[in-house]
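Undergrad: Sequence:
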Amino acid sequence: MAHRHAQVDLRERVKELTCLYRIARVVTKPGISLEEILCGIVELLPSAWLYPEIAFARIILDGRSYTVPDFKEGVHRQTADIIVNGETRGRVEVIYSEEKPEFDEGPFYAEERNLIDTVAREVATIVKRKEAENEQSRLQEQLRHADRLATIGQLAASMAHELNEPLSNILGFGQLARKCAGVPVQAEQDIEKILSATLNAREVIRKILIFARQMPQQKRRVHLNQVVEECLSFLESRFAKEGVHVARLLSPELPEVFADPTQLNQVLVNMIINAVQAMPQGGRLTVQTLPGKDHLSLIIEDTGIGMTEEVLKQIFTPFFTTKDVGQGTGLGLAVVHGIITSHGGSIDVKSNVGSGSRFEIRFPVPHPLPSPDEKSSAIERT
Numbered sequence: 001m002a003h004r005h006a007q008v009d010l011r012e013r014v015k016e017l018t019c020l021y022r023i024a025r026v027v028t029k030p031g032i033s034l035e036e037i038l039c040g041i042v043e044l045l046p047s048a049w050l051y052p053e054i055a056f057a058r059i060i061l062d063g064r065s066y067t068v069p070d071f072k073e074g075v076h077r078q079t080a081d082i083i084v085n086g087e088t089r090g091r092v093e094v095i096y097s098e099e100k101p102e103f104d105e106g107p108f109y110a111e112e113r114n115l116i117d118t119v120a121r122e123v124a125t126i127v128k129r130k131e132a133e134n135e136q137s138r139l140q141e142q143l144r145h146a147d148r149l150a151t152i153g154q155l156a157a158s159m160a161h162e163l164n165e166p167l168s169n170i171l172g173f174g175q176l177a178r179k180c181a182g183v184p185v186q187a188e189q190d191i192e193k194i195l196s197a198t199l200n201a202r203e204v205i206r207k208i209l210i211f212a213r214q215m216p217q218q219k220r221r222v223h224l225n226q227v228v229e230e231c232l233s234f235l236e237s238r239f240a241k242e243g244v245h246v247a248r249l250l251s252p253e254l255p256e257v258f259a260d261p262t263q264l265n266q267v268l269v270n271m272i273i274n275a276v277q278a279m280p281q282g283g284r285l286t287v288q289t290l291p292g293k294d295h296l297s298l299i300i301e302d303t304g305i306g307m308t309e310e311v312l313k314q315i316f317t318p319f320f321t322t323k324d325v326g327q328g329t330g331l332g333l334a335v336v337h338g339i340i341t342s343h344g345g346s347i348d349v350k351s352n353v354g355s356g357s358r359f360e361i362r363f364p365v366p367h368p369l370p371s372p373d374e375k376s377s378a379i380e381r382t
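Mapping to this note's numbering: the sequence shown position 97 is 97, numbers consecutive.
Hints were generated in silico from the structure; no laboratory data involved. The structure displayed is predicted, hence computed values, not measured ones. Careful: at least some of the hints might be erroneous.
[As the list claims (entries may be wrong)] Taking CB as the label site, the calculated pair distances span:
1) 280 to 68: 44 to 50 Å
2) 113 to 349: 44 to 50 Å
3) 87 to 199: 53 to 59 Å
4) 114 to 28: 21 to 27 Å
5) 190 to 291: 53 to 59 Å
6) 173 to 354: 49 to 55 Å
7) 204 to 172: 15 to 21 Å
8) 87 to 349: 22 to 28 Å
9) 221 to 352: 33 to 39 Å
10) 344 to 164: 25 to 31 Å
11) 248 to 79: 44 to 50 Å
12) 294 to 98: 55 to 61 Å
13) 138 to 173: 47 to 53 Å
[Claimed, not checked] Here are the simulated PhoX-like pairs of lysine-lysine, each with C-alpha atoms no more than 20 Å apart in a straight line:
14) 29 to 128
15) 193 to 179
16) 72 to 100
17) 350 to 313
18) 130 to 29
We treat Cβ as the ideally placed atom computed from N, Cα and C, and that holds for glycine.
Could you put the whole structure together from the sequences, leaning on the hints where they help?
TA: Now the structure itself:
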């Protein structure tokens with residue numbers, strides 16, 4: 001009898017080790033996704049239990065369930081939590097769909113408890129590794145994108161400087177021509193068109209230079225909430241015309257930022273106009289400011305048409321636009337990115353097609369400057 005029990009135990013242990021080996025083979029497949037790994041585990045897991053013919057496995061991770069197509073709920077369940085960095089993210093379950101005799105843990109063996117705990121730990125390790133790989137890929141893509149923007153910026157700045165001189169000459173001669181006496185009416189109209197087109201071209205060049213961070217800045221301590229209120233007030237009539245409801249969520253405890261107020265105003269106007277244009281049928285625009293430990297956040301969120309992944313990857317690239325020809329230069333968000341970066345800040349974008357976009361801009365908070373009294377007392381102490 002003892003010999004028979006030993007054989008059964010040995011057979012069960014072999015099943016468990018075989019299961020773990022097969023899971024290891026799934027995990028180490030090159031290029032396999034987390035979803036494919038979890039689906040592979042739930043398919044392999046029941047074979048290691050005492051009654052594989054009525055056993056079904058399920059993994060629940062971050063609210064999403066992974067099972068086999070013929071999965072059945074049951075009367076007995078053995079579970080183990082998936083704990084990633086101290087946080088319970090889900091669980092591994094093995095379920096019996098029929099009644100079975102009682103053993104160590106209902107109809108389950110103590111060894112099966114050890115196995116499901118091991119699998120849950122392995123899943124947690126896989127999740128951590130996959131998330132680290134995804135974060136590394138994201139950072140590498142950001143670096144490549146930053147390199148591309150830097151290269152484009154250098155090229156654009158070089159072209160802008162080359163174009164500035166002839167444009168200045170055209171503008172100067174056009175202004176002189178406008179002052180000449182006896183100029184025919186048609187010629188006056190043509191001169192005005194030349195001047196208008198030249199000023200537009202100069203504005204495009206100014207935006208290119210801002211993007212390339214080659215425009216001088218007049219930085220000082222600025223109350224961001226004040227800049228936000230001024231921009232919203234300036235665009236109030238447009239909100240009413242476009243059917244956009246504005247929600248202001250401005251923190252009263254916001255520290256000052258060290259920034260160029262004119263450029264901050266440009267960032268806000270560009271971002272808000274983009275948000276309004278993304279809501280052709282009207283919608284809700286939320287503008288929020290939040291203090292952080294060493295930064296403050298400006299969040300602009302709309303309920304508009306949203307953006308695809310392909311568009312998201314290119315929105316800060318100069319001259320990229322989804323608008324019709326003649327409807328935009330494609331420099332708005334490139335300029336925004338240039339200004340924010342030149343202020344030591346960052347911008348994060350999330351968007352879903354059909355439900356809107358969320359831009360979060362983070363500005364560093366300057367260290368407080370000592371008052372004159374504090375300076376003199378520090379000198380006296382030394």
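Undergrad: Taking the hints in turn, state whether each one holds.
TA: To see whether the hints hold, each was checked on the structure:
{"no.": "1", "hint": "280 to 68: 44 to 50 Å", "in the structure": "holds (45 Å)"}
{"no.": "2", "hint": "113 to 349: 44 to 50 Å", "in the structure": "holds (45 Å)"}
{"no.": "3", "hint": "87 to 199: 53 to 59 Å", "in the structure": "holds (57 Å)"}
{"no.": "4", "hint": "114 to 28: 21 to 27 Å", "in the structure": "holds (22 Å)"}
{"no.": "5", "hint": "190 to 291: 53 to 59 Å", "in the structure": "holds (55 Å)"}
{"no.": "6", "hint": "173 to 354: 49 to 55 Å", "in the structure": "holds (51 Å)"}
{"no.": "7", "hint": "204 to 172: 15 to 21 Å", "in the structure": "holds (19 Å)"}
{"no.": "8", "hint": "87 to 349: 22 to 28 Å", "in the structure": "holds (26 Å)"}
{"no.": "9", "hint": "221 to 352: 33 to 39 Å", "in the structure": "holds (37 Å)"}
{"no.": "10", "hint": "344 to 164: 25 to 31 Å", "in the structure": "holds (27 Å)"}
{"no.": "11", "hint": "248 to 79: 44 to 50 Å", "in the structure": "holds (46 Å)"}
{"no.": "12", "hint": "294 to 98: 55 to 61 Å", "in the structure": "holds (59 Å)"}
{"no.": "13", "hint": "138 to 173: 47 to 53 Å", "in the structure": "holds (51 Å)"}
{"no.": "14", "hint": "29 to 128", "in the structure": "holds (17 Å)"}
{"no.": "15", "hint": "193 to 179", "in the structure": "holds (15 Å)"}
{"no.": "16", "hint": "72 to 100", "in the structure": "holds (16 Å)"}
{"no.": "17", "hint": "350 to 313", "in the structure": "holds (11 Å)"}
{"no.": "18", "hint": "130 to 29", "in the structure": "holds (13 Å)"}
When each numbered hint is compared with the structure, no violation occurs for any of them.
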